[in-house]
Every structure is written in structure tokens, then in C-alpha cells.
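Using the sequences and the hints given, assemble the complete structure.
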Amino acid sequence: LLRGVGQGAACHYVQEVLLGTQAEPSVRPSMRAALGRLPSLCIAVAYLAFFNLITMTLSLGISLFVLSAQGVGYAATMQGRGSPLKLYGLCSRLLGPSRGTATGVRWLMVVQVLVFFNLHVGINFLLYLARHLVGIDLTFTERFASLDNPPWLMFLAATTFALFEPLRAATATLLLVDGRVRQEGLDLLAAVQQLPERNAKRGAVGPGDAKGVAAALLLAVGLLLGSPTPAEAAPAKKPETSERKAVRARLEKVAEACEMPELVEGTALKDFDALGTAEGAKLERFVRHLEQQAYDDDDCESAAVTLESGLAQVTATAEAQARVDARAATDRARSILARPEFQDRPEKAPKEPKEEEVPEESGWWRRFIDWLGQWLEDLFRRKDPLPQPRETALPLSGGAAANVVVVALVALTLAVLAVIVVNVLKRRRGETGPALEVSTVDAAALAGNPDHALSRPPEGWAHLADALAARGEYREAVRNLYLALLSRLHRDGAILYDETLSNWDYLRAFRGRPEVKAPFRELTRRFDFAWYGNVPVGKDGYTEFRAITAPLLAAPPAQEAAGA
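Numbered per the working numbering, the sequence shown spans residues 191 to 754.
It is worth saying that the hints were derived from the structure and are not from the lab.
Don't take every hint at face value.
[Said to hold, decoys possible] Computed beta-carbon distance windows for the label pairs:
#1 Ser273 - Val324: 54 to 62 Å
#2 Ala347 - Ala740: 20 to 28 Å
#3 His653 - Leu192: 56 to 64 Å
#4 Arg711 - Leu319: 50 to 58 Å
#5 Ser273 - Ala471: 18 to 26 Å
#6 Ala608 - Arg193: 45 to 53 Å
#7 Asn308 - Cys232: 31 to 39 Å
[Unchecked claim] Listed below are the simulated DSS-like cross-link pairs for lysine-lysine, each with C-alpha atoms no more than 27 Å apart in a straight line:
#8 Lys616 - Lys729
#9 Lys472 - Lys443
#10 Lys707 - Lys729
#11 Lys435 - Lys472
Glycine residues also receive a C-beta, built at the ideal position from the N, C-alpha and C atoms.
The structure is reproduced here in C-alpha cells:
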């Protein structure tokens, strides 16, 4: 619910930045707007949660990339249109022609997977630098920051999701604005296409109207480039009904019967087709009157005069109707162009310079402090007001000296890096030898350090571990078994025991038998969780630890001599 309020406030802020209905967008008005729509936002949170869960479950995750309108749910809720219980239909209607763009944006959100893995790699790299350059023991932290640890995966997923929250709010608001502008552009194009062409010739549209219509046409063409125009966007000509066709056929038949086809040929009946449906009854009476004069009265001359006057009246009626349609279309285009999406944002007025505040008259304490400072300055000022000039010219200018210093620093850095690389390569070359050297430690020094792994033989540590397990001290028993393992691996030459190294350092520098490394890794993991992570260890845990350790504590089999 808190995320829903935050998303609503962010969408409102982005909309104010884009449309500029306020003087200066800020956080507080956006938060107040989100709190004002708190019930709708809460309903939207529940609606989107159930909608995504149900659709993803029923579609086996396919809806995540197919259904995209719900991605603008919070931005649509902040619009305050429609019911939040019908949020998906509301989002689809507000997106309009931008539904395809919303699907593309949803596909592009797959980049979150890359951010997920980059976060993991970056944090582990920082831990690596802290361990090698600063010398901090981060063994347990490195173990926690592993991909096989479910809490770590949840942390990475939550962090990645939170990083993309501002982007979701911005894209949702932009998609809604894009859909509205495209739909209004289609409405504007439809209104402009309703303007009759002859009005421009007869001066029905004034200079201001012509300028607005031209701007509207340019804007509509720019908006519609690359996007298909729906069939309903440009209204086609009104289809002729069967009644209108029948009336027209009867009129042409009367003209042929009276031998006056020139009155209905060519463009004579173009205004006849332009009349609206409200004039259908009048046309029916007009044609019936013509038929009475031509057929019943057999007076073709009167019928010709009636036809000419009727066609003139039809032309006048069509022109009047066209003027009304032109004014309506012009008003509609003006109303569309007056919306915020088609307006230039007003430039901010320059701030007036603040008047300099006249300082108040200082008190006696301030005057005393000023006098004391002036007296001390005069006291320590040098007696000689004109010091002797000294030769301070340098053989190099300031810029040249700075260049020399930069070159020296770069050279020193490269030298240090070269020394580090050489030392690392030497150490790696020494580690790639046939085996590690087994160093001997003074027995007196070992006797004073009972926690040293080499202070006892492996059998002694194992016997002590069994004794501790018999008393129920399983955690201490696991530690002694691990020390027995380190003692055995050191004596076998698989590791070089050093108190300054961590358990995972031994694993990384392991040079023993390959079949020993996997159980050594598992034992190290269990020991770290038990000893450093304070994970409780019971009898079964110790028994498993003892079973894994037993084959490793046995002395390696002696190799037979060649030819034996």
C-alpha cells in the first residue's frame, strides 16, 4: 500500500513536469494529490495484485509479456477517470493507440535481469577488494553473498525492483500522455477533414482559423507518422441509403420523361447527395410534386421550372449546412488545440532581485569585537609597508609545472601497479609448483598456543572431538574435527597452515588430491555456519560431520615403488 501511494505521487509529479499545469512541480503537492486519491490507490493495489497473480498463474507466465495495459495502473488511477474496479479496461482505453508501445516497454524491462546480476558481481567485487587490499576478514559475508543463499537472492531481487520504481512511474505517465496526444491528434485530423474545401475559397475560414487549421494539420501528420490510422479516425462519406437512391432514381426518371436530362447531368446533383437525413422528407415531397406535374398533369414545362428552382434551393441548403459543419469542426479543432498537451510551456519569469537588507545598527558588543580585531591587525601588521621585492620567477610556468606533476604521478602509479603485478605473478608461479612446502614450527611455540592446528596430531584432535561430543558439546567437537582436518591436510602438503589465513583461503590454495577438495569445501561451509554463524549443532549434525571427515583424516595410501 505504501508503494502504491509512492507510485501515485511519482506519476503525478512526472505529469506536472510534462504538462506544466502548476508553476513549479514539487514533492508536497504530489504527495497531497496521492493522499487525496488514497482509497482509489488502495483498490488499485489490491486489483493489480490479484490480476497479476491470476493471469500469470493461468497463462504460465506468458501474460507477463502479452498483457501490458496494467503497467500504467497507478498513473491511470491518478487521472481520476472511471472505476478502479475496472482498472484494466480503463488503462486500455486511456492508452488507445499506445498499447503497442506499452508492450514494447514491458519487454524492455527485461533489463532488470542484467541489473540483478550486475549488483551481485559488483558487491562481491567490493568484498574482494576489502579482503585483499584492506585486509578485512569477510569470510561469513562472502558466504552470505552467494547465489545459493535464498535470502541473498531475495535481497538482490528487492533492490533491483526498488531501483526501477522511478522508471516505472515515469514510463507509465509518458505512455498515458502519448496515448492521449495520439488520440487527440486523430480527433483533430477527423475534425480538420470535416472542413469543406470550398469554404477556404469563399472566405468562410478567416486568417486566424486558416493558421490554426494549418498548424493542426502539421501536428496531426507528425503525430500519425509511423502509426496506423484507425478506420474510425477519418470518417468516410455518408453512405447513401436505399431511400435516397430511390428518390434520386425517380428524379432522373422524371427528367428523362420530360426530355430535360441536362438538368441532372454532371455535378447538378452533387448538393443533392450532401443533404442530411433531416432533409429526406422534403426531398420526397419535392420529387412527388414533380411526378404529379410530369405524369398526372402532363405539364413538363412547369416541371422543368420546379426542378430548376428546387435544385437551386437544394444548393443553398447544402451550403448553409456546410457552413454550420465548418464552424463546428473549427470549434472542435480549437478546443483540441487548447488542451495542455498542445500548448507551449510558458517561460518562467525571472526572479526579481532581492532588495539588499539594511543591516541594523550594531550594538556595543559588536563594536567592541570590531575594534579589537582592528587593533590586533594593526599590532601584527608588518612595519615596512613596502617589502623588498624578491626574485620569484620560476623556470617553468604554473601550467607546465602542473603537467610535470601529473606525468610524475601517472608514472609512479604505473610503477606501483607493475610491482604489484610482478609480485602476484611470482606468488602464482610459486603456488603452481608440484606441492606446497610443509613448514615446521617450534614445539615450544606450539605448546604455548593450544588453538594452533599443528599443536596436536590429527588423531589427537579427533580423539578430543569425540570426547567433547560424548559430553554433548557438539559445537566444540565440530571445531576440533575441523582442526584435525587442517592438521592432516598440512601434513599431507595439500595446504600451508597459517593462522593469518581464513578457511576459504585454504580452499582457494588447495593443492591436494582432486577427490578431497569437494568434501573439504562442504566441511568448510558447515564449520563456518556452526562456529561463526552460531547455527545450533546436534548429535545428528556432528555424526554427519564426523562421517565426512573420517575418510580425509586417514593417512593417504602409500604409493608402490615402480616395478614392484
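**Item:** Supplied distance hint 50 to 58 Å, evaluated on CB atoms of Arg711 and Leu319
**Value:** Cβ of Arg711 to Cβ of Leu319: about 23 Å, so the range 50 to 58 Å is violated.
**Message:** Can you confirm whether the C-alpha distance between Lys472 and Lys443 stays at or below 27 Å?
**Reply:** holds (18 Å)
**Asked** Between Ser273 and Val324, does the C-beta distance stay in 54 to 62 Å?
**Response** holds (58 Å)
**Request:** For the range 31 to 39 Å, tell me whether the beta carbons of Asn308 and Cys232 fit it or not.
**Result:** Given a distance of about 34 Å, which is inside 31 to 39 Å, the answer is holds.
**Request:** Take a look at whether the Cβ-Cβ distance between Ser273 and Ala471 falls inside 18 to 26 Å.
**Result:** 43 Å Cβ-Cβ, so the 18 to 26 Å window is violated.
**Asked** Is it true that the CA of Lys707 sits at most 27 Å from the CA of Lys729?
**Response** With a Cα-Cα distance of about 25 Å, the restraint between Lys707 and Lys729 holds, given a limit of 27 Å.
**Asked** Taking 20 to 28 Å as the hint, is the beta-carbon distance of Ala347 and Ala740 inside that range?
**Response** Given a distance of about 40 Å, which is not inside 20 to 28 Å, the answer is violated.
**Asked** Holds or violated: are the alpha carbons of Lys616 and Lys729 at most 27 Å from each other?
**Response** violated (46 Å)
**Message:** Run the distance test for Lys435 versus Lys472: straight-line Cα separation, threshold 27 Å.
**Reply:** Holds: Lys435 and Lys472 sit about 15 Å apart, inside 27 Å.
**Request:** Using the Cβ atoms, figure out if His653 sits within 56 to 64 Å of Leu192.
**Result:** holds (58 Å)
**Prompt:** Does the Cβ pair Ala608, Arg193 satisfy 45 to 53 Å?
**Reply:** holds (51 Å)
Hints 2, 4, 5, 8, counting from the list given before, are not met by this structure.
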